[in-house]
Amino acid sequence: MLNLEREEIRVRLPVFEGPLDLLLYLIKKDELDIYDIPIERITTKYLEYLEILKIVNLEAAGEFMVMAATLIYIKSRTLLPTDVRPPEEDAEEDDPRWDLIRQLVEYRKFKEAAFELHLREIEREGVFERHARPMEFDPEPWDAENLGVFDLISAFQKVLKRAEARREDLREIFEDRWTVSDKIVFLKDFFATRPTATFSALFATNASRSEVVVTFLALLEMMRLRYLGARQNSVFEDIEIYLRRDEDEQHDA
Amino acid sequence: MSNMTLKNVVEALLIAAPDGLTIDSILKIFKQAHLDEQSTETFALENVSSEEVLTVLEKLSAECAERKGGYQLQEVAGKWQYLTTREYAPWVRAMFDQPRPQRLSPAALETLAIIAYRQPVSRAEIEAVRGVAVDAIVNNLIERDLVKALGRAEGPGKPMLYGTTELFLQRFGLKNLEDLPNREELKRPSEPQNPAPLETQPELDTTQTNNPNKQ
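Here the protein sequences line up with chains H and E, keeping their order.
In terms of the working numbering, the first sequence opens at residue 1 and continues consecutively.
In terms of the working numbering, the second sequence opens at residue 1 and continues consecutively.
Honestly, the hints are just simulated from the structure, not real lab data.
It cannot be assumed that every hint is accurate.
Unchecked claim - Residues on chain E that point at chain H, a partial pick, calculated with CB under 7 Å:
no., residue
1, Ala16
2, Ala77
3, Lys79
4, Tyr82
5, Pro101
6, Ala107
7, Glu110
8, Pro181
Stated by the list, open to error - The list that follows gives simulated cross-link-like pairs (lysine-lysine, DSS-like), each with its CA atoms no further than 27 Å apart:
no., chain 1, residue 1, chain 2, residue 2
9, E, Lys68, E, Lys28
10, H, Lys109, E, Lys175
11, H, Lys109, H, Lys75
12, E, Lys148, H, Lys28
13, E, Lys59, E, Lys175
14, H, Lys109, E, Lys59
Said to hold, decoys possible - Footprint (simulated), chain H over chain E, 3 or more residues, beta carbon under 8 Å:
no., stretch
15, 17 to 27
16, 39 to 47
17, 51 to 57
18, 111 to 123
19, 141 to 147
20, 150 to 161
Just so we're clear, the structure is a prediction, and the values are computed from it rather than from any experiment.
Built from N, CA and C at the ideal position, the CB exists for glycine as well.
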C-alpha cells in the first residue's frame, strides 16, 4: 500500500504481507469501492497475481491459496439466485461478500494504524533522553593503584626540601655511606612495630640529602616487591605507607 | 509558595533525573525533601497536589516548545522527561557513536498494532485480522520486549493472551495506551476478555479456582 503504487509491482510482489494485503492493493489499484467489490473481477485479478507469486515464492503461497478458495466460493455463491443458495452457517447478511468485506475493512484500519506507528517510531528514534547522574564523591580512600608514581615523587620532593632546610645550621660534613639494602632493613624494622606511617615519617631520622634519596629508593623497591603499599585518603593529604599484610608470609620467611 | 518556585523545583528535578519522573514520584520527592530538610521552603511544597504539578509540567513543556530550542519536555510512558528535539538527531547520534536503530518490518508493525489496540488478544484473533500466520512475528515481538503474555483466556483451549509492554510506549513515544492514534475507532467492538492471571493457571485444567477476573 505504501510503495507499490507503480507498475514495477511484479518484482516487488513478496512485499505483500498476506492475501488481505494483496486484495487491498488490487482494490486500491483499480479504485474499486471496498464496500461493493466486483467479486468476479477481483477474483480473476487475484488469481493472476497468485500465478506470479507461485513462481516467485512457493512457500508463502499457502495462505494466498486459502484466500483464492474463499474468493471462488464467494463468486460461486453470488452467481446463484438467492432462493436456491444453500443456507450458510453464521451468515448474518444476505451478501456472501460481507464477511470478506468486513475483514478487509478491519485489516485496512490496522494497516493504517501500523503506518501511524511507523511514523511515531521514526519520530522517536531521533529523540534522545537525558542521562544525568549525580557526581560521584568516592567514599573509598584512594588506593595504591590510584596513586601514581608522580604523587610519590612530589611527596619525595617535599621531604627533600625539608632535609635541605634542616642543614642550615652549620656543622661538620661527612660522607654518608647508606646503601639501598641498609634502608630496606631499616624499613622492615620500622614496619615491624607499626602497620602504617605517613610518608614523611619515614624520613624523619634522615640527616642528609643522600640518605633521603637512598631511603626513597628503598621504599620504591619494597613497593615494587609489594611488601609495602601507598595510599592517600584524600587528594591533598599526606601519603600513607602501609605494610601489605597479605604479603607478610612470603617476605618474612 | 509561589508557582514560580514550584516550577523551578520541578525543572531542577527533571534536569537532574537520570530517567523521567512520574507525577507521583515528584510528589514523593517533595515529602522526602521536607523530611530531610524541615525548612519553610520544603514545608511549602510538602503537600502540593498532583494537579498543581501537572499544570507546572505543562507550562514547562509549553515554554520549551515556544523556545524552539534543542530540547523538549514530553510525557512518555507516564514519565515526564527532557528529550532532545528530532532535528538534531544526526549530531546526538554521532556523539553516542550509535548506528540508526533497526526499524520494525511492516508485518511486525501490523501485528504490533493489532496487539496494541486489541489487547488482551490471542494469536488466533491476530491471525484473523491479518489473514496470515503470526507465530514467528509474535515471538519476535516478545523477544524484543515490545509484547508480553498477559495470561490465558477462559474460553475453549485457553489460548494465551498478549498485550504491549512499557518499552512499547517508550519506543513509540506514547504517554499511555489511551494515547494510541485513532484509539476509539480501532478498539475492540465487543467487551475484551479478561485474562486469567498467569500464576494461578495450572498446567492441566483440573481445578477451576475462583478467579477474581471472572465476571
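Hints, verified against the model:
A hinted interface residue such as Ala16(E) counts as satisfied when its beta carbon comes closer than 7 Å to some beta carbon of chain H; here the least separation is about 5 Å, so the hint holds. With 7 Å as the threshold, the beta carbon of Ala77(E) stays out of range of chain H, its nearest partner Cβ sitting at about 11 Å, so the hint is violated. Because the closest C-beta pair between Lys79(E) and chain H is about 10 Å apart, greater than 7 Å, the hint is violated. Taken as an interface hint, Tyr82(E) checks out: its beta carbon lies about 5 Å from the nearest beta carbon of chain H, inside 7 Å.
Nearest Cβ of chain H to the Cβ of Pro101(E): about 5 Å, under the 7 Å cut. The hint holds. With its C-beta approaching chain H no nearer than about 5 Å, Ala107(E) sits inside the 7 Å limit, and its interface hint holds. Given hint, Glu110(E) at the interface with chain H, holds; its Cβ is 4 Å from that chain's nearest Cβ, closer than 7 Å. Against a cut-off of 7 Å between C-beta atoms, the interface hint on Pro181(E) holds, since the closest Cβ of chain H lies about 5 Å away.
Taken as a hint, the Lys68(E) and Lys28(E) pair is broken in the structure, with Cα atoms around 31 Å apart against an allowance of 27 Å. Simply put, Lys109(H) and Lys175(E) have alpha-carbon atoms about 22 Å apart, close enough for the 27 Å limit, and the pair holds. Between Lys109(H) and Lys75(H) the alpha-carbon distance is near 25 Å, which keeps this suggested pair within the 27 Å criterion. About 35 Å separates the Cα atoms of Lys148(E) and Lys28(H), which puts this hinted pair outside 27 Å; it is violated.
Note on Lys59(E) and Lys175(E): the hinted pairing holds, with a Cα-Cα distance of about 17 Å set against a maximum of 27 Å. Distance restraint check for Lys109(H) and Lys59(E): the Cα-Cα separation of roughly 35 Å exceeds the 27 Å cut-off, and the hinted pair is therefore not satisfied. Using a Cβ-Cβ cut-off of 8 Å, 4 residues of the stretch 17 to 27 of chain E lie near chain H, which meets the minimum of three, so the contact claim holds. Beta-carbon proximity to chain H at under 8 Å applies to 0 residues in the stretch 39 to 47 of chain E; the threshold of 3 is not reached and the given coverage is violated.
With 0 residues bearing a CB less than 8 Å from a CB of chain H, the stretch 51 to 57 of chain E misses the requirement of three and the coverage assertion fails. Counting residues of the stretch 111 to 123 of chain E whose CB lies closer than 8 Å to any CB of chain H gives 5, which reaches the minimum of 3, so the coverage claim holds. Given as covered by chain H, the stretch 141 to 147 of chain E fails the check, having 0 residues with a CB less than 8 Å from a CB of that chain where 3 are the minimum. Figure legend: the stretch 150 to 161 of chain E, annotated as covered by chain H; annotation inconsistent (0 residues with Cβ-Cβ distances under 8 Å, at least 3 required).
Checked against the numbered hints above, the structure breaks hints 2, 3, 9, 12, 14, 16, 17, 19, 20 and satisfies the rest.
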